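Read off the chains here:
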Amino acid sequence: MAGVVGMSGERASRADAAAPVRARRRPSLLGIAVTATVLAVTAALAVTAAVVNGHNEDRLLQLQTRQTGTLLQAFVQGLETPLASAAEIASSGNGASPSYRRYATAFLHTQNRFVSVTLWRVQGGRTVLVSTVGSSPLAIAGTSHFSRFLISATTSAKVGVLGMLSGSDPRLGYAYASIGSAVRYVVYAEDRLPPPYGTKTAKGSPFADLRYALFLGPSQDPHNLLATSEKTLPLRGRTAHTVIAFGTASLTLVAAPVGSLGGTLAGDRSWIIALLGLLIALAAGLATDRLVKRRRAAEALATRIDTLLSEQRTIAETLQRALLPQRMPAIPGVEIGIRYLPGVNGIEIGGDWYDVIAVDDTRFFFAVGDVSGRGLEAGSVMASLHYAIRAFVSEGHDAATVLTRLGRILSLTRDRHFATVLCGYADVAERRVTIANAGHLPPLVVAGPDDGSNRFVTTGTGPPIGVTCGAVYEPISFTMDERCVLLVYTDGLVERRGENLDEGLERLRASASAPDTDLDAFLDDIVGRLGADGSSDDTALLALRWTGARK
Amino acid sequence: MTEHGAPAADADQTFHVDERRDGTGAVQLIVVGEIDIATAATLRRALAELLRKSPGRLILDLGGVDFIDSSGLAVLLEAASGVEHIELVRPSLAVRRVIELSGLASVLPFRR
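Protein sequences, first through last, are from chains A and B.
What the first sequence shows, in the working numbering, is residues 1 to 551, in sequence order.
What the second sequence shows, in the working numbering, is residues 1 to 112, in sequence order.
Derived from the structure by calculation, the hints contain no laboratory data.
Since we're looking at a predicted model, the values are computed, not measured.
All C-beta atoms in this analysis are idealised placements derived from N, C-alpha and C, irrespective of residue type, glycine included.
Any given hint could turn out to be false.
[As the list claims (entries may be wrong)] Interface residues of chain B toward chain A, partial, derived using beta-carbon atoms under 7 Å:
id : residue
1  : SER70
2  : ALA74
3  : LEU77
4  : GLU78
5  : SER81
6  : LEU93
7  : ALA94
8  : ARG97
9  : VAL98
10 : LEU101
11 : GLY103
12 : LEU104
[What the hints assert, rightly or not] From the structure, some residues in chain B lie toward chain A, with a derived Cβ separation under 10 Å:
id : residue
13 : ASP69
14 : VAL75
15 : ARG96
Assemble the whole structure, with the sequences as input and the hints as a guide.
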């Protein structure tokens, strides 16, 4: 029975030991869940940061593009003023007066941008070239297209923009007319256009932070491209555009940021959040995983300890039972019952024992003892006393002498244990019991079925074994009725915390009920009544009763 | 195996021992709580300490002890065997009955 329990315990512990090994290899679900949650939060934060940053960049770009457009507008006005002045000078001087030529020449050189400045007189739908400063205009004089342009300039208060003049030396032509009625003078200037692609931008200029493309006209037609910072178009990435009035025409500025307008970190913010979040997620996941595994390991350890404790308890009980006789000698005329109850929290071996030794046909010796403390030491003291008693009985010593002799083999100061022993001889033929008591609780005589007067046997109690050297014990002798039961027990049956021994003894005396069946049922009843509340101590019980078969 | 050492004994919060001088100047050990297998080692140490201060003489106040088991008795008996004089002051009924029923009244004398 004990072997089977032991084996199953071993199997259980092996299975438990395997569990943490599997757990170590595989990440815990909780760890994965924590990582996933933190990753999800991180992703949400990163996306939010990216969206916010996107809006921010859009707004900043639009703002900067508009500001750059405003600057362009000022530049355009700077073009109009000298043209307007030249036209007024020509008008007041009635043509290419010397003052006009001086102004136009100075204008040509100081601005260092116009390559050709021509003065035209427009009268009655006809255009006549009055003066040329610089090179000849690319616009071909006399063509109806150009004439219509010059005439239209007189109807507008704004600079007339002819448009881009392509060729080996591309130019931009525009004109401004003097105010007047019959005769109008129109100053037409041509501006050389540098190659539009890869325009260099000065450091600190409003264009420095931008990649841009500037078109003539309201659309982003590559044929009308005036300048761009790029090698190719269209601009990639986030762009914004603004349209600026330029005389009768317009300019379209398209811009894209060089880096991040919101600062170096702004564009990387979402990535930084994502990276940090990833690290935190991994750290949190690993920490959770470790915690979960440690908890699992602790639980596995607790289970293992429980298993070991129950195994140890099984071993203790097995040892205890091995020392106690399981079968009573068959002695005619007497019925003997025994019980051994391990304490409820008894992991260690207890020191309680009982024994019955047949002496001859009508006499037998019995003993119940209790070694103080618990554990292997108490167990071995119990074993040595148990076998010493057998030796003394076989030598024919009486009960009191057996106890005195036991005192020589146990010493409290040396062994740190003492023992209480109640032993005696029973004479079946005489129905007489002779007992000696070394510090043990008094035996109970349970009266017959119709008699409620249970009583404790008053024994001359001597000191326990091992306390004093050479203690002398006084045996007492009494006869017992056929219907009575003699119950010898250890203190585990009556000793309870929070009350004194007398209360426990009285409970036993009052609850022991008259046995009209066999002693096993009687002992079961006693244990059921008194052992149910669970003594922490071991308990040994021995009951005997004369049977009717008399010799 | 009965020696469980300090951790087990200290785990029992209700058990404690104190020293006090009585009217005659003799040192008394006041024990409070349950003396059992868990607290026996603590009591044993306290008794050894007291014997260093007043050799050969032990006075124990057991008025606050409401339970004593065989492990506790063993400690008291061990101490009693090493001194000329031992006295249990005003033992509780629980202690007194255990000692009387164990046939130890002459070994562990009471003073009421």
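Task: Violated hints - listed by number, lowest first - done: The structure breaks none of the hints.
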